[in-house]
Amino acid sequence: MRVRVVYFASARDASGKSREQVSIEGSPRIEDLAGRLQRLHPGLGKLHKSIRYSVNLEIVEANHQLREGDEIGVLPAVTGG
Amino acid sequence: MARISSKKIDVGKILAEVSDGAAGGIVLFIGTVRNNHQGKKVVGLEYEAYERMAEAKLSEIEDEARRRWPIKRISIVHRKGHLKVGDVSVVVAVSSGHRAEAFEASRFAIESLKRTVPIWKREVTAEGMTEWVEGERIEKLAVSQEATSRGTGSRRRPSRGTSR
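Respectively, the protein sequence lines represent chains A and B.
For the first sequence, position 56 (counting from the first letter as 1) is numbered 56 according to our numbering, and the numbering increases by one without interruption.
For the second sequence, position 88 (counting from the first letter as 1) is numbered 88 according to our numbering, and the numbering increases by one without interruption.
The hints are simulated quantities; they were obtained by calculation from the structure and are not laboratory data.
Owing to the predicted nature of the structure, the values given are computational and were not obtained by experimental measurement.
Any given hint might turn out to be false.
[Said to hold, decoys possible] Part of the chain B face toward chain A, derived, beta carbon under 8 Å: (1) Leu28; (2) Gly31; (3) Thr32; (4) Tyr50; (5) Val90; (6) Ile110; (7) Leu113; (8) Pro118; (9) Glu136; (10) Arg137; (11) Lys140.
[Unchecked claim] Chain B is nowhere near these chain A residues, computed Cβ spacing over 12 Å in every case: (12) Ser27; (13) Arg29; (14) Glu31; (15) Gly45; (16) Ile59.
Every residue, glycine too, gets a C-beta built ideally from N, C-alpha and C.
Can you build the whole structure from these sequences, using the hints too?
Following this line, the structure appears as structure tokens:
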């Protein structure tokens, strides 16, 4: 399946892009996609502990099941205010 | 009304938005760009937001504040883009019949914003270098039970954690 991945702030710097389409086999969970993104962009590794993922604008847990066309946000630690 | 703004925040306009004849007071929190951070001199901040999600999350904070306290109106506006020292980065405005709930709800709103809304900032130094500010992992907003049983009416639960 294909999903859209959107990177922000330090995650965008680490991946070198603000968005991309990613193909992933089978019925992946968000943790599977996270592993794939880290292999695609090794710079994300050092941010791993502070990153959380959103799916269609909602924060999800590691076992969240992905669907075709989902929009995944790669969200480093937040600093609004 | 919750929003991300790419232009200078008009504080007077937000005050007008929350004005209410039944209110006995308005609490206004204004966040501004500080000229230092952990001993370093800072000349500006660049804010970035996952805009659609940030506006949705700001709305959820407003909804939750309304559930927790009997406030009249609430408005949260956050900047994105380049800001200079002294510029307004965020405004929270709350009106209510009595001051206690306006103070409590506005404190809740700004603290929740910092933990649950996808916004990032980087510091700009005098040399023009930029560095992302270190923050906390984003969290989900903890909502009152009624938020998960919509459609059963708009009854407000008594405020929690307040003493009157």
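Quick rundown of the hints versus the structure:
no.: 1; hint: Leu28; verdict: violated (15 Å)
no.: 2; hint: Gly31; verdict: holds (5 Å)
no.: 3; hint: Thr32; verdict: violated (11 Å)
no.: 4; hint: Tyr50; verdict: holds (6 Å)
no.: 5; hint: Val90; verdict: holds (6 Å)
no.: 6; hint: Ile110; verdict: holds (7 Å)
no.: 7; hint: Leu113; verdict: holds (5 Å)
no.: 8; hint: Pro118; verdict: holds (5 Å)
no.: 9; hint: Glu136; verdict: holds (5 Å)
no.: 10; hint: Arg137; verdict: holds (5 Å)
no.: 11; hint: Lys140; verdict: holds (5 Å)
no.: 12; hint: Ser27; verdict: holds (24 Å)
no.: 13; hint: Arg29; verdict: holds (18 Å)
no.: 14; hint: Glu31; verdict: holds (15 Å)
no.: 15; hint: Gly45; verdict: holds (16 Å)
no.: 16; hint: Ile59; verdict: violated (5 Å)
Comparing the model with each earlier hint shows violations of hints 1, 3 and 16; every other hint is respected.
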